[in-house]
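Residue numbers (this note's numbering), protein chains in the order written: chain A, 1 to 328; chain B, 329 to 639.
Just so you know, the hints here were simulated from the structure itself, not pulled from any lab data.
Keep in mind it's a predicted model, so treat the numbers as computed, not measured.
Keep in mind that the hints are not guaranteed to be accurate.
[Claimed, not checked] Sample of chain A residues facing chain B (criterion: CB under 7 Å; computed from the structure):
| id | residue |
| --- | --- |
| 1 | Leu58 |
| 2 | Glu100 |
| 3 | Thr103 |
| 4 | Leu105 |
The beta-carbon is built from N, C-alpha and C at its ideal position, and this holds for glycine as well.
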Amino acid sequence: MSDNILQVRDLCMSFFNKHGELPAVNHVSFDVERGKTLGIVGESGCGKSMTSLCVMGLYPQPQGKIVGGSILFQGRDMTKLPPRELHKIRGKGMAMIFQEPMTSLNPVLTIGDQIMETIRLHEHVSRQEAKRRAMEMIAMVGIPMPEKIFASCPHQLSGGMRQRAMIAMALSCDPELLICDEPTTALDVTVQSQILSLINRLKAQTGTSVMLITHDMGVINEMADTVIVMYAGQIVEQAATADLFAHPTHPYTSGLIQSIPPLNREVEELNVIPGSVPMLYELPKGCLFAPRCPYATARCAAERPDIVTASEGHQVRCFRCMPGWEGQ
Amino acid sequence: MSRYLLGRVFQAVGVILAISLITFFILNVIPGDPVQLMMGEFATPEAIAQVRAQMGLDQPIYKQYFGWLGNMLRGDFGVSYFQHRPVLDMLLNSFGYTARLAVFAYVLALVFGLVFGILAAVFHNKFLDRLLMTLSIAGVSAPNFWVAIILQIYFGLTLKWFPISGAKAFNYYVLPAVALGTRYAASISRITRTSMLEVTKQDYMRTASAKGVHGWMLVMKHAFRNALIPVVTVAGTDLGNILTGSMLIETVFTIDGIGKLMVDAINQRDLPLVQGGVMYIAVICVVIYLLVDILYAVIDPRIRLGGGAEG
Ligand SMILES: Nc1ncnc2c1ncn2[C@@H]1O[C@H](COP(=O)(O)OP(=O)(O)O)[C@@H](O)[C@H]1O
Ligand SMILES: [Mg+2]
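Construct all of the structure, not just a fragment, from the sequences and the given hints.
Rendered as structure tokens:
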């Protein structure tokens, strides 16, 4: 068995509101291997953020509830740990950076205070030592003039600098797992690639595992070792990155790959998948992707497919991968 | 920071000048001739004219205004028409009572308002929240003189815990301060709660949780400091309101504060006293707004440090 830092099994998280039970995370299982990057990809509203927030134990409560499954982090089930233990893990064992660097830092505290806070919270070190380490982190994420930035407040920094500060904060206690929820979506294209290569460099340097969430297959291609493709709360395809790009099997995956904007070329007409992700309160009865799928049949509209192994290490949730498809 | 401050100070001075102008002219055109009032019905026109000349009331009105303004800047607010004492002395003397009452009321309002507001937000939608918010609605809507009378009857007359009139010692101030502070405690608790709940939804709160921050540290260090910004606005205005709006309470509890002084002055058309009193209120309000602006800058680095890089 390989060395998995995180094992998510059959995770189900639902919202409960006037529409009843809404499955935002629907029987999701995956592993994050030590020192590797797992990519989670899917359009907006597919449940990527909720999946990662479940891992952190930070999904919206009390509207949302984990209704099944387990999240084993270093062998301990995050869904069963008491709050006291979760507080110790967050920021130390696993850390997270978010999509919106503009709003994710506390506007009234300096960058230095915010980084030192994490260090002081989890490690019993003096103020001076915490400050020294915070400064070291700021330098490590490639921020020029660490002393100046240390004393700055978030509003004085650009989006890219803020995201670097977020990364410095997240890595300040040397976490085993770094969760990045669309870390570059809100940034300019040039800054995007800087941040991505920063994450890659730090991953190599510190040996942390990464869970990288994005809606951009291009980012996945560049960063991930393995990929899960999510659609409407479910995993629809799961494979090693190279395998996924060589043999995209689910029609949704193919659609996402075709919609990668070509580099260095004026985009004339992007190949986008028609339609949009269904709302959780109006999920189709059969396969969740059927209404948008070019290959959908009567069976797809009536029945939900299970996820099956298409080839070694490659799983797909589609009737086309199941025996008997040709006959239809 | 200093440019921000300097701008505010200039603004404050401008506002005070504008108010002095308005006060002076409005009070000079309202009906009711003070000289007539002072000298009674049977004074001869000659006598009246003589007194008018003595008091400078026969000068062109703009001269009267600049004279009045110049005197005020030198600390001379004129002499009361009826009590023949310097207005400034009377104001300062009464201000002692009003200030003490206001400070007690304000401390009560701040402490209870902030504590209740934070508790209501932390226990959002729980029993404590509902209880405190019901109380706060009652507090906001109860007229303060009515609260005053209820307190007098219950704690003064029935239980005999506190005196109900005068201002001789600390315990004299307890009931008036509670009566005056109640509605402000209620309004501060409501804005604190609303603001805390708003902040709780912000992305940076989730970031703090993701770092492992929890419990009261999350509430006070991360939520409360951000929530304070709208609270300071309300609390600042409230301080102005408390300092300048204690007339009814002073009347009900027979405290010789500015409020009572003003009510009497208005009834008697004691122009110098009314003008001095209005200027007092104006200066208090303007100074408090200035302090609020300074406090903003202390709390919020976006104001203190000015804009930075964007994008
Ligand atoms: N508080 C909530 N109540 C009900 N539904 C929610 C709530 N928050 C998110 N959702 C729904 O959960 C689904 C997954 O959202 P999310 O994980 O944020 O998607 P993604 O990160 O993939 O864009 C979406 O359909 C969204 O509408
Ligand atoms: Mg998301």
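Index of numbered hints that the structure contradicts, given in increasing order: As far as the earlier hints go, not one is violated by this structure.
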